[in-house]
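As a plain string of letters, each chain reads:
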Amino acid sequence: MTALSSPRNAISAAGARPASASKQRGDRRGWLYSAPAVVTMGVLLFGPLLAVMLFSLTDWQLGQEQFSFIGARNFQELFADTVFWKSLRNTFLYVLLVVPGTVILGLIVAVLLESSNELKGLYRTAHFIPVMAATSAMAIVWGTMLHPTIGLFNHILYGLGYSGVSWLRDEHTALLALVLIGIWQGFGYAMVLFIAGLKAIPQNLYDAAEIDGADSVMDRMRLVVLPMIGPVLMFVMVVTAVRAFSVFDTVRVLTAGGPNYSTDVLLYRLNTESFDYLRTGYGAALTVVFLGIVIAITLLQAKIMDRRVHYS
Amino acid sequence: MATIEILGIEKRYGDTSVLKNVSLSVEDGEFLTLVGPSGCGKSTLLRIIAGLEAPDAGALRIADRDVAKDRPKQRNVAMVFQSYALYPHLTVLDNIVMPLRMRRLTAAQRFPLLGRWMPGTRRIEREIRAEAEQVASILGVEPLLARKPGQLSGGQRQRVALGRAMVRQPAVFLMDEPLSNLDAKLRVQMRSEIMALHRQIGATFVYVTHDQAEAMTMSDRVAVMMEGELLQVAAPEQLYSDPDDLRVAEMIGSPQINAVPVHALNRQLCLAWQLSQDTAVAAFRPENAIITRPADAMLNGTVAVSEHLGADVFVHVRLDGDAGTIVIRTDRTSPRHTAGTAVGVSVEGRHVLRFDAKKKRCRPSQDHGALVA
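First to last, the protein sequences are chains B and H.
Following the numbering used here, the numbering of the first sequence begins with 1 at its first residue and continues without gaps.
Following the numbering used here, the numbering of the second sequence begins with 313 at its first residue and continues without gaps.
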């Protein structure tokens, strides 16, 4: 026993002597090695964030040489603005419809694609195309399809004997149309992630479920599929939610926030205030609110789901 | 109670035939082992019995009932998997009760959150829990009920998997290499536990393994499979002493049976061993051969290596005339044979098993017909 432990003692004794000096040197070297990452993160992430926070307390307008700190006045004005509240409501409504729609549609398509080998590659690519296509270009195509007189949708409605709808020019349908486009655009991404998650489920878990008597689709979903893709599901929901919160291109191209602000969303408001009206300080305040909401929702989602998600 | 009748089962995946006209009947309460090298179709046969896969042809009856079209749920079978296949997100208790929950609760009663308030749910859940706890206590996993599978050792997981199978008292237990993922010591221990379990509950067991030692020690009967065919079904002792097929003889027993091609043997030996004309291979077990002085034997060779394994010594002898290497089992009291020594090998004719060119056994009745003149 003593013979065994003595070399270790010798090593630790030898290591103890120059400990403080070598520790200092080690610390310096550590900082040196991490400097590129620290500097990049500072310049690209924390710097701009800090700048935005500072701007939100000023009355700076883009291009002006002078500005002054005005405290929380931007925020006071913001919270008193009915258009802001309307855009906030629209954004939440959009997210609440797009996230479940994207996740459910993505999951269904993934499960269907995984259950058969027929033309798998083709279908997978076809469903992924909306993700790869440039949103503003696709928005123009959608705009044409939803056009009241020449649009495909209304022609189908006419064919079925209904009267047409002015999809994007009607307060009641404009946001819904944007939601559909949002789902169409995002579910392919969810599908690809779900397929990866489904592939990782071992076959014998399905077998065990079947032997145990869980042989309906719903039972299998609940007992095997959903728990096993839990981490993926969680990731897809967070990513989809954040993406839905930052919806902008379709609004800009198709409705410009109208009619009557019914499709005005946070990011569109931010863009309008900052770059159309050049109210940079006010826009910065909007950005801070936007960031706060996104971070809060991500954290909340992570916290709620973490408790129910099984990471093996 | 629950016999299993398998008649002319065929299964193919694309162009490969996995099961070729397999027929087998398992008696009620029997412990039958399917043994064979990997890829021989034994797991596929088990999955067909379970209902996880459908055969391309043939009939399957469990407890005198045609189950060909039944889902696994309706067949009253339980299955234990090599990788345990426990639900990783559920506790041990929830894993064990799952088969009962799926059978006794209606879909509405199992509905998340709301199901708890359906009439009868609580009473049934209480009964189920009591039964699961009883099974857990039999298997000694009671202290683990609140844990998740990820927090258990391999042996504990296998016990939980057994519990999940036992809890609904199935008529047939199907086990797909349940011990392969355990370490050697635990494997031996679980082996006797599964045997005790079989005695205790008296259900029909069909057990798949590639380990011939497992097959020999645990089963009432062993079915040896190779390349999708059933070669022989017999009690372990009979498989060892009276194999129908050279491949069976080679699979059962360690070290392997010695198979010597007849063309390498001299005429005298063929007469002494009473080899018939159609015999292509003469085989004998390592313990039935005796090492003699070269002059006294009809089979000669040189010692290649001696393996000392405590009680036993395995002497590998390279036979003269390109007849291959054989292994002879001696005990440690016999004289040492160093490598390179010329030795003779003597085997009594009654210990020699004769196989034809198709590796089938030449039975004595045929032997008498055409002795080598």
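These aren't lab readings, by the way, just hints derived from the structure by calculation.
We treat Cβ as the ideally placed atom computed from N, Cα and C, and that holds for glycine.
It is possible that part of the hints are untrue.
So, partial list: chain B residues that the calculated Cβ filter (under 8 Å) puts toward chain H [claimed, not checked]:
| hint | residue |
| --- | --- |
| 1 | Glu-77 |
| 2 | Ala-80 |
| 3 | Asp-81 |
| 4 | Asp-170 |
| 5 | Glu-171 |
| 6 | Ala-196 |
| 7 | Ala-200 |
| 8 | Asn-204 |
| 9 | Asp-207 |
| 10 | Ala-208 |
| 11 | Ile-211 |
| 12 | Ala-214 |
| 13 | Met-221 |
| 14 | Leu-223 |
Going through the hints against the structure:
| no. | hint | result |
| --- | --- | --- |
| 1 | Glu-77 | violated (44 Å) |
| 2 | Ala-80 | violated (41 Å) |
| 3 | Asp-81 | violated (41 Å) |
| 4 | Asp-170 | violated (38 Å) |
| 5 | Glu-171 | violated (37 Å) |
| 6 | Ala-196 | violated (18 Å) |
| 7 | Ala-200 | violated (12 Å) |
| 8 | Asn-204 | holds (4 Å) |
| 9 | Asp-207 | holds (5 Å) |
| 10 | Ala-208 | holds (4 Å) |
| 11 | Ile-211 | holds (5 Å) |
| 12 | Ala-214 | holds (5 Å) |
| 13 | Met-221 | violated (12 Å) |
| 14 | Leu-223 | holds (7 Å) |
The structure fails to meet hints 1, 2, 3, 4, 5, 6, 7, 13 from the earlier list, while all remaining hints are met.
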